[in-house]
Amino acid sequence: MTVTSPSSGLHDPRSAAGRAGDKIFSGTALTAGIVILAILAFVAVYLVVESIPALTAGEGELSHGKTSFWSYVWPMMIGTVIASAIALLIATPVSIGVALFISHYAPKRVSQAFGYVIDLLAAIPSVVYGAWGMAFLGPLLVPIYAWLSENAGWIPLFSGGYSQTGRTLFTASVVLAVMILPIITSLCREIFVQTPKLHEEAALALGATRWEMIKMSVLPFARAGIVSAIMLGLGRALGETMAVTLVLSPGALSANIINVGNQTIPSEIALNFPEAFGMRQHELIAAGLVLFVITLAVNMIARWIVSRHKEFSGAN
Amino acid sequence: MSKRIDAIDFNVYYSKFLAVEGVNISIEPKSVTAFIGPSGCGKTTFLRTLNRMHEVIPGARVEGKLLLDGDDIYAPGVDPVSVRSTIGMVFQRPNPFPTMSIRENVLAGIRLNGQRISKGDADTIVEKSLRGANLWNEVKDRLEKPGSGLSGGQQQRLCIARTIAVEPDVILMDEPCSALDPISTLAIEDLINEMKDQYTVVIVTHNMQQAARVSDKTAFFNIAGTGKPGKLIEYAETSTIFSTPREKATEDYVSGRFG
Chain S
0 MTVTSPSSGL HDPRSAAGRA GDKIFSGTAL TAGIVILAIL AFVAVYLVVE SIPALTAGEG
60 ELSHGKTSFW SYVWPMMIGT VIASAIALLI ATPVSIGVAL FISHYAPKRV SQAFGYVIDL
120 LAAIPSVVYG AWGMAFLGPL LVPIYAWLSE NAGWIPLFSG GYSQTGRTLF TASVVLAVMI
180 LPIITSLCRE IFVQTPKLHE EAALALGATR WEMIKMSVLP FARAGIVSAI MLGLGRALGE
240 TMAVTLVLSP GALSANIINV GNQTIPSEIA LNFPEAFGMR QHELIAAGLV LFVITLAVNM
300 IARWIVSRHK EFSGAN
Chain P
0 MSKRIDAIDF NVYYSKFLAV EGVNISIEPK SVTAFIGPSG CGKTTFLRTL NRMHEVIPGA
60 RVEGKLLLDG DDIYAPGVDP VSVRSTIGMV FQRPNPFPTM SIRENVLAGI RLNGQRISKG
120 DADTIVEKSL RGANLWNEVK DRLEKPGSGL SGGQQQRLCI ARTIAVEPDV ILMDEPCSAL
180 DPISTLAIED LINEMKDQYT VVIVTHNMQQ AARVSDKTAF FNIAGTGKPG KLIEYAETST
240 IFSTPREKAT EDYVSGRFG
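Taken in order, these protein sequences are the chains called S and P. In terms of numbering that gives the first Met the number 0, the first sequence opens at residue 0 and continues consecutively. In terms of numbering that gives the first Met the number 0, the second sequence opens at residue 0 and continues consecutively.
Only chain S is shown next, with the shape it has when bound in the complex (with noise of 0.2 Å):
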């Protein structure tokens, strides 16, 4: 009869150091988790204890006698969510086009050089963006701002006179267009890439052409990667300051894009706060928890989207 000695491989003492590794592993894995939830949490309860004094003002008490702070907020949450679906709308067919080229049409090596071209552009800070489009880009547009206002006036974004500068809501979408565009492209190329060869090959045996084997494997296959690509893409745009500051020279809410006029809440916010105190602090802060609202929305119905179409994600 033999006595299992406990040195035997199921009690081997060097597994002890193993699980140490775990208990380092998760402790850091657990502690990351906290900090991201901690940090999180703080911001948020950092700007709703400081916007409520205007959340909750009456009229009279807050600044340049405004009446009410939705009545304030109103107009540049309009503006901010027009300047970005507009941004979107240029951003994300010309991104996904650019993605399938460099992944599924381009020869190798011109698709590698034009990757880089891409992630070059996301490398540029966006005070230079503002620049650009103030300088150069506004400039440009205006000739086609006259031809609009002239012959497309009858539609209410184009009525109603031009920008003679070219510091407009629209051009203003236009360099955050070009903003999000590497994001929104470099994502896209990531997960085209990743498409199943399995998948293609199977629409290729069929008999599909290059375009309808990309619109049969590889667009279903990164469907919930593009939506997450667009609102991170959103995601820049709604929260980007110093270009559309640069840019756009502000005003009141108008439906016409591209005159002067209107206002997004993160630059309404860059050119106010340095010089704000007291209830015009507020008043700031509770336009930033806003605008944390509005990403927030967004996000989630990003997600609900992709979740709606979980079973047949090909994840089962």
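Treat the hints with caution; some may be incorrect.
Lysine-lysine pairs mimicking DSSO-like chemistry, simulated, CA-CA at most 27 Å apart [as the list claims (entries may be wrong)]:
#1 P:K227 / P:K247
#2 P:K29 / P:K64
#3 P:K195 / P:K29
#4 P:K230 / P:K15
#5 S:K214 / P:K127
#6 S:K107 / S:K196
#7 P:K15 / S:K107
#8 P:K64 / S:K214
#9 P:K144 / P:K118
#10 S:K196 / P:K144
#11 P:K227 / P:K15
#12 S:K214 / P:K118
#13 P:K29 / P:K127
#14 P:K15 / S:K196
#15 S:K107 / S:K22
#16 P:K2 / P:K195
#17 P:K29 / P:K227
#18 P:K2 / P:K118
Sample of chain P residues facing chain S (criterion: CB under 7 Å; computed from the structure) [stated by the list, open to error]:
#19 R83
#20 S84
#21 M88
#22 N94
#23 T98
#24 G108
#25 I109
#26 L111
Keep in mind the hints are simulated off the structure, nothing from the lab. Just so you know, even glycine gets a beta-carbon here, dropped at the ideal spot from N, CA and C.
Given chain S, work out where chain P should sit, using these hints.
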């Protein structure tokens, strides 16, 4: 429809590397032909050149002639897309489109080419193809469910249904059962037996019993050593290959002495 395939002095290259050399073979219509041989002998490579699927690998090219009922599928001006819609392919691992329902998977090939079909016609095609793949009874109540929810064997039969829905002349199968359990394998083998009434079937298999069970003719491929090109060693009736092969290498392989 079912067509014959003739390869004449056929070489396959990956860039400069000669992968398969000097294949001469005549594949009869309405028959099952099995390609057997050790790993790396070029049987899958050759199979993929039969519908120009090897072209997805950059640098892959061929020399020689490959005739489908006398028409060279590598002649200048021949579109690989139309070659592939005439010569269907079933892959090693089941690959239904994960984002499509069972029904949409079957119709995937039909929907290409911009064809518009009525719902009634589509229903007919779906039922006929799924019946043709012996899958109809198992899935008829859940045609709108995702194809990826089926078992591996069912998925593979769905892929076969998808392939026969476009009514090809030839069906190529690249080790279609290697990822399946024995019961599913049996289902696919029964199906292959039925398919040869209508199609020319070419199947690559590592399983010699499978080749013996399903095929009319068998081609044995071999390779002299690493870095050397694969060659077609012997091509004959399956019963001959497994009982009285002409070549020593074939006999060694089918009797399990190597490979």
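We went through each hint and held it up to the structure:
Taking the CA atoms of K227 (chain P) and K247 (chain P), the gap is about 19 Å. The hint holds against a cut of 27 Å. Our distance criterion of 27 Å between C-alpha atoms is met by K29 (chain P) and K64 (chain P), whose separation comes to about 22 Å. The straight-line distance between the Cα atoms of K195 (chain P) and K29 (chain P) is roughly 5 Å, inside the 27 Å bound, and the hint therefore holds. A hinted pair counts as satisfied when its Cα atoms are at most 27 Å apart, and K230 (chain P) with K15 (chain P) qualifies at roughly 17 Å.
In summary, the hint linking K214 (chain S) to K127 (chain P) is supported, as the alpha carbons are separated by about 26 Å, within the 27 Å threshold. Note on K107 (chain S) and K196 (chain S): the hinted pairing holds, with a Cα-Cα distance of about 17 Å set against a maximum of 27 Å. For a cut-off of 27 Å, the pair hint linking K15 (chain P) to K107 (chain S) stands: about 18 Å separates their Cα positions. Simply put, K64 (chain P) and K214 (chain S) have alpha-carbon atoms about 33 Å apart, too far for the 27 Å limit, and the pair is violated.
In summary, the hint linking K144 (chain P) to K118 (chain P) is supported, as the alpha carbons are separated by about 18 Å, within the 27 Å threshold. Annotation: proposed proximity of K196 (chain S) to K144 (chain P) holds, straight-line Cα distance about 23 Å (limit 27 Å). For the hint pairing K227 (chain P) with K15 (chain P), the CA-to-CA distance comes to about 12 Å; that is within 27 Å, so the pair holds. As the CA atoms of K214 (chain S) and K118 (chain P) are separated by approximately 22 Å, the hinted pair is consistent with the 27 Å bound.
A distance of roughly 19 Å separates the Cα atoms of K29 (chain P) and K127 (chain P); the hinted pair therefore holds under the 27 Å criterion. Proximity of K15 (chain P) to K196 (chain S) is assessed by CA-CA distance (about 24 Å); at most 27 Å being required, the pair is judged to hold. Note on K107 (chain S) and K22 (chain S): the hinted pairing is violated, with a Cα-Cα distance of about 44 Å set against a maximum of 27 Å. Restraint check for K2 (chain P) and K195 (chain P): satisfied, since their Cα atoms lie roughly 11 Å apart, inside the 27 Å limit.
Proximity of K29 (chain P) to K227 (chain P) is assessed by CA-CA distance (about 33 Å); at most 27 Å being required, the pair is judged violated. The suggested pairing of K2 (chain P) with K118 (chain P) is violated, with an alpha-carbon distance near 30 Å, which exceeds 27 Å. Hint status for R83 (chain P): holds, given a least beta-carbon distance of 4 Å to chain S, under 7 Å. A cut of 7 Å between beta carbons decides the hint on S84 (chain P): the least distance to chain S is about 3 Å, and the hint holds.
With 7 Å as the threshold, the beta carbon of M88 (chain P) comes within range of chain S, its nearest partner Cβ sitting at about 4 Å, so the hint holds. A distance limit of 7 Å between C-beta atoms decides the matter here; for N94 (chain P) the minimum to chain S is near 4 Å, and the interface restraint holds. Interface hint at T98 (chain P): satisfied, since its Cβ lies 4 Å from the closest Cβ of chain S, which is below the 7 Å cut-off. Interface restraint check: G108 (chain P) against chain S, minimum CB-CB distance 4 Å, threshold 7 Å, status holds.
For I109 (chain P), the suggested interface contact is broken, since its CB lies about 9 Å from the closest CB of chain S, more than 7 Å. The criterion of a C-beta within 7 Å of any C-beta in chain S is met by L111 (chain P), whose closest approach is roughly 5 Å, and the hint holds.
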